[in-house]
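Trainee: Sequence:
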Amino acid sequence: MRYFLLALLLLLFSCTDKKVSVPKKSNDTTGVTSENIDVIPEEVNVFSAIRPDERLNKGEQYADEVEYVDYDANGDYALFTIKKGNEVVALQTNFEGSDQFNRGDILKITWKMDSTFIAGEGEKLDFTEWLIKAEKVKDGKVSLFKKKYTKPIKYTWAEGEEYTKDFKDYLYTQVEYYLANSKKDLVKVHLQNPDTQFVYSIEDRQKDGRSYTVLGISNEFENRTSIIQWLYLDSENRKLYEYDLPNDKLIEFR
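Numbering (the numbering used here), first residue to last: 19 to 272.
Simulated from the structure, these hints should not be mistaken for laboratory data.
Hints should not be assumed to be uniformly reliable.
With beta-carbon atoms standing in for the labels, derived distance ranges [said to hold, decoys possible]: (1) K257 to K172: 39 to 45 angstroms; (2) I269 to P170: 41 to 47 angstroms; (3) Q215 to G178: 23 to 29 angstroms; (4) D222 to R272: 20 to 26 angstroms; (5) S133 to K169: 30 to 36 angstroms.
Lysine-lysine pairs mimicking DSS-like chemistry, simulated, CA-CA at most 25 angstroms apart [claimed, not checked]: (6) K130 to K156; (7) K183 to K172; (8) K164 to K202; (9) K186 to K101; (10) K206 to K159; (11) K166 to K76; (12) K225 to K102; (13) K130 to K172; (14) K169 to K151; (15) K156 to K76; (16) K76 to K164; (17) K159 to K101; (18) K169 to K225; (19) K186 to K130; (20) K267 to K183; (21) K151 to K166; (22) K101 to K169; (23) K154 to K101; (24) K164 to K225; (25) K267 to K206; (26) K154 to K166.
Where is the CB? At the ideal position from N, CA and C, for every residue including glycine.
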């Protein structure tokens with residue numbers, strides 16, 4: 019009887035569900051923590067819009083030629099945004115040289131797919147693109163514009179309005195991008211004139227129920243300005259528009 023009871027106890031212990039707990043992990047950048055999450059195997063396959071037709075391996079490094087779009091260090095993670103074909107992808111990064119490029123520059127990037135914590139979604143562990151390093155292959159139109167037009171572009175803003183330095187810097191890059199890529203004859207004429215002094219005004223306006231930051235690009239001559247083009251920047255989605263004055267409509271600038 020004693021041996022029977024011992025065997026029964028061993029059987030009960032062997033049938034008990036085993037729970038594996040992963041130690042609490044803290045994300046150094048965001049402070050997001052995850053407790054008792056599933057362990058993700060290193061050999062798992064993941065996908066990216068940078069290489070949409072490939073199954074990628076977590077942690078493996080890849081090299082691609084892409085177009086630079088933007089760098090934003092204001093969030094939980096610094097984001098390095100690029101364009102590959104028709105796809106726009108924001109890579110997380112710790113690369114210290116991320117702010118040295120101009121929009122439209124052609125870059126060779128080294129990147130990988132790796133895990134990241136998504137705050138606000140139950141501390142979800144997911145995969146995302148990580149930039150390791152980047153180097154310029156070819157100047158884009160903004161870089162070429164800045165080499166030709168070396169004078170600083172002046173700007174003013176409406177009295178009573180307050181804009182952060184980061185936002186004003188962002189608006190400056192938008193004006194540079196527009197001047198470098200505009201197909202308007204009036205813009206091209208002013209670009210060919212070495213005496214042109216570009217200036218722009220900044221103000222907030224409402225149009226058709228939406229909020230915009232409006233930029234009035236002008237040429238300054240003998241302390242007077244003449245408008246060359248009005249630009250509307252959507253406050254919500256950051257899309258840039260040319261204002262078509264005769265038809266009172268906005269045309270998206272790409």
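Trainee: Hint by hint, work out which the structure violates, then give me just those numbers in ascending order.
Mentor: The structure breaks hints 1, 2, 5, 11, 12, 13, 14, 15, 16, 18, 19, 20, 21, 22 and 24; every other hint is satisfied.
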